[in-house]
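Asks: Chains A and B supply the protein sequences, listed in that same order. The opening position of the first sequence corresponds to residue 1 in this note's numbering, with each subsequent residue numbered one higher. The opening position of the second sequence corresponds to residue 1 in this note's numbering, with each subsequent residue numbered one higher.
These are calculated hints, taken from the structure and not from any lab test. Where a beta carbon is used, it is the ideal one built from N, C-alpha and C, also for glycine. It is possible that part of the hints are untrue.
Facing chain B, according to a computed beta carbon distance under 7 Å, are these residues of chain A, among others [what the hints assert, rightly or not]:
{"hint": "1", "residue": "118"}
{"hint": "2", "residue": "129"}
{"hint": "3", "residue": "133"}
{"hint": "4", "residue": "143"}
{"hint": "5", "residue": "144"}
{"hint": "6", "residue": "147"}
{"hint": "7", "residue": "154"}
{"hint": "8", "residue": "279"}
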Amino acid sequence: MTKVLPREDDGDGKCFEDLEIPPDLDLGRQKDMYLKMCLIREFDTKVKELWLDNKIYGLAHSYVGAEAIAVGACAALHPDDYITSTHRGHGHTIAKGADINKMMAELFGKYEGYNRGKGGSMHIADVEHGMLGATGIVGSGMPIALGSALSANVLGNGKITICFHGDGGTNQGVWHETINMAAAWNLPVVFVIENNQMAIGTELSCVSKETDLFRRALGYGIPGVLVDGFNVFEVYLAVKEAVERARAGQGPTLIEARFLRLLGHFVADDQWYRDLTKVEPYWDYDPVKRMREYFILNKLLKEKEIVEIEAKAKASVERSVVYASTECSEPGIDTLYEDIYAHGEVIV
Amino acid sequence: MSIKTVREALNDGMREEMRRDPTVILMGCDVAVRGNPFGVTKGLLQEFGPKRVIDTPISEPGFTGAGVGAAATGLRPIVEILYSDWITLAMDQIVNMAAKMRYMFGGKVNVPLVVRAPFGSGGGNAAQHSQSFENWFNHVPGLKVVAPISPYDCKGMLLTAIRDDNPVIFFEHKRAYQIKGEVPDEEYTVPFGKAAIRKEGSDVTIVSYSMMSIKALQAAEELEKEQGIKCEVIDLRSLLPLDYETVMGSLAKTNRIVVCQEANLRGGMAADIVAEIIDRGFDLLDAPPVRVAALNVPMPYNMALENEVIPSVQKIKAAVLKALGDR
């Protein structure tokens, strides 16, 4: 599990392995996971298209290339467990079971959206499904996860929290504070670093001497695990083990899912600051493509069955665009003061 | 009724709420074993155990944020910032998360968080242990801000704060913990957004809160005794929401107003209150409103210098005379 993955400057990426059949996921669940990965891929591909077409606005950050992490990790959770997210939250939201119609409606700024048109991409939240919200401030979701883990501990409800964050977030002060407290108090939380090795336009190696982020776990007295972030089953197995530890009251685990950001920081980022020839080889490890190949290679699904899943994802996303653009309403000006305070209270 | 100190009233308030509601927890630096540096949380660990009364590391952003996350998932956390000056460390979690989660998530989440923050100056604590930042939070939609001073209000508003489904910044004056007053033995709450008139008068309205309301009352009593000037002293208690009805009602009677704050003058609560008064009732004013505040300097250590900076009873009296200047 702790093999060292290639970094951008290592070139060929030969350390990546083929996906292996996971011991405890039946084919039905694997197909579910593939559907979710395809949904994320289709959704964020569509988001870029809509953004460039001026149909949606603001900042939107694509989860394309990271699908294996959210889907692998959330497959290890119960439906009522919690996750916290980042500014790149579409993948987490879909993986946790959100309705993509409400997501797309939110991106269109509609009242029927998850956030009533007041959050947009960067604050997408589906609290009902335990998705405690995307946040536009890198690292700021860390203590929120500490809080939900603390509440599970006090209420004794057995809920686990997965705290997704990026390598950028690992250099915020609250990252240290959160993991230190979660470890000190043995809280039921799993920290998943989505190490895409880029913080907006700055490479991790430029700002951190130790780029094996999982090794930081040593400093907190908790297990640190490195997994291939392009491999959905490897992520799943590591998170599952961490979730089991957490449920048994053995505290947090730090999981570094290492991969590489394949696209720009946000949907319209042309990445002029980056040598894209070094990124190109990593498309071979595209997690969606890899999972597809896995089904074929292991003769688990026929091409036709795979195409059916992919078509389903595509149709769902197309449907969400129709829903958001033609069946939803603009929030009225009268909603401006709504939900600043609880229970309809307005303080002007 | 019993006579209690502010310290006891706050302790009672937390204890009673924690007994009544198992989702109330308390966390902060030294709140458990030590019972906080001012003794406000003494005995709570013994009664409620370490799961609910939590000594945190010195990690204000982390544990304040944990309070936000816990509030969003079913608890009613009381987070204590040992000295309110260090609330600066937790600003991101308070301003960008606690205050905005409900709104930016479309009303899908409650954040019933109380941040208790001992504030105020005096005693030679110098520049990093003497500040009053209530105006910063007044600026942030989504927060509520209160600053009660009497034992009765401290307990009653703490209960209201804990039961409120919004994040509340609860400023306690750290030089007020010994103040004594009557507190009912039975359960009661004091609502937010209702000011208290501490002394009735017809000549000048003095708007104040926290320690400044005690100084304002003293100034009013001295002015009445010495010069027969009748001031009406308003203790706002709650800053966001703020009871402008009471303020404007008093101004309609006196037509002159002095607004006091302990924080330094520039950009403060008093400026905001005066602006609002002008918007709501410029024609009621017979004289320009007068602000009383600390000087625009970092708090110096030297006691003589410190006394020069902190707004005094004398300065309030001078401000009242200024407001009466053309009468």
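Asks: Look at each hint and say if it fits the structure.
Replies: How the hints compare with the structure:
{"no.": "1", "hint": "118", "in the structure": "holds, 6 Å"}
{"no.": "2", "hint": "129", "in the structure": "violated, 11 Å"}
{"no.": "3", "hint": "133", "in the structure": "holds, 6 Å"}
{"no.": "4", "hint": "143", "in the structure": "holds, 2 Å"}
{"no.": "5", "hint": "144", "in the structure": "holds, 4 Å"}
{"no.": "6", "hint": "147", "in the structure": "holds, 2 Å"}
{"no.": "7", "hint": "154", "in the structure": "holds, 6 Å"}
{"no.": "8", "hint": "279", "in the structure": "violated, 32 Å"}
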